[in-house]
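Residue numbers for the sequence shown follow the numbering used here, so the first one is 16 and each next one is one higher.
Among these hints, one or two may not hold up.
[Claimed, not checked] Straight-line Cα separation of at most 35 Å, DSBU-like style, residue types lysine-lysine; simulated pairs:
1. K45 - K140
2. K231 - K140
3. K340 - K45
4. K140 - K340
Don't read these hints as lab results, they were simulated from the structure.
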Amino acid sequence: MKTLSLIILLALPTLFASALTLDEAIALAKQRSLAQQPPRIEQQRTRGQLFEAWSNALPQIEGNIGYQRALRKGKIFFPNPDTGELTPFELDQNNAVQAGVTLNQPLLTFGRVSAGVRGADAAMKATQHAVVQQDRQTELDVMQRFWTVLMLRDVVAARELSLTVSDSSLLRAQRMRDVGLMSDYDVLRVRVQAQNQRPLLDRARSDLQIAELGLKEYLGVPLDTTVTVDGTLATFAVTADLAPEAADFGAREDLSSLREYAHARQHVYTIYSNARWPVLGGQLRYAWQWQDNDWEMNPRNENSAWYAGLSLNVPIWSSGAISGKAMQARADWNHAQWTLAQAERGARLQLESARNDFTTATANEEAATLAVELAEQARRIAQTKFGQGQITTLELDAAQLDELTARVSLADATYRRLLASAQLRIAQGRAPYTN
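Given the sequences, and given the hints that come with them, work out the whole structure.
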């Protein structure tokens, strides 16, 4: 992962030499975004739990080796039957080496080992679903940030053109006033209209800069990197289905993750509830030793041996420790089930809310599209009447500004419809990006 991140970091100048597409942004975010790390770290932890659970069902082999040298030997004394004197006899060896290998195998655990394996496997599946869910959420977050930049870019362009139209209108109005064709009051109205465009443009530019910084921060690239996004909002088409059968809660990764987590907590409860039963284990041991001494008998000695046996560990009285752990595990299981039930209810509410938002956003986009068409028609009529001398430049400029305002509203409506479509797909248990 570190090597891949370094390669991507070195390739950033080449990547951003051209416009960044949405596909490239999503791929980059999945590699570098910090939002991707929590579920992946949790997946590493549960993978370790799975290995640990399987190890409880498999043989455990332990080895030991030791060396000992007698610095001051112990002695025992035997009386001489003829003289009555005590004769010393050394007990310790000069050098002694012991080595051994022991194999322990659980034979009967009353379901504790199997429950541990199943619980760890369920936890592993829960984290896998969480990783997929985070991938989908990352796609949605990148899409939102990417489309926000595109939308604000259109807004800035429209605001700049509006300011240009207003400044041009003000210049014409001043010239017309100088030749007596317009009053000071009309010029003042045009100046107010032009000044009203500047705060809107400044705000749009500021919002665009903040949106670009937010996109770069989420992609995990340096904030001073120049990133140019590619495309327009009109080039994206996220399909969404309002039919009831389009929703599949079984395919929602967040619910699947909570469901597997509840299974994992159930198996943990099984482990603790069965802890009051005995455990039967088998053991096989090989031992080897070597020693030397100053004895006249067996000055060198090497020996090996095999041992086999069974052990039965019976819990008799734990002063409530076993039952207390079982109660805690049962509470954790109940909490996991409650969390799953709440999430399922929340998912249904989220689905209905996403449907309503999508329907509203679609209607707003249709209305904004019609408004742009009407504004274009009004502007063309105004240009025709202005050429015929039927309207003033103020009225012509007002028609042009109305069209630009309508286009700003259309860009916002298109953005909200795209985002609502992606959110509806998420609520239905599908990936958000389909372009």
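Against the earlier hints, flag every one the structure doesn't satisfy and list their numbers going up.
As far as the earlier hints go, only 3 is violated by this structure.
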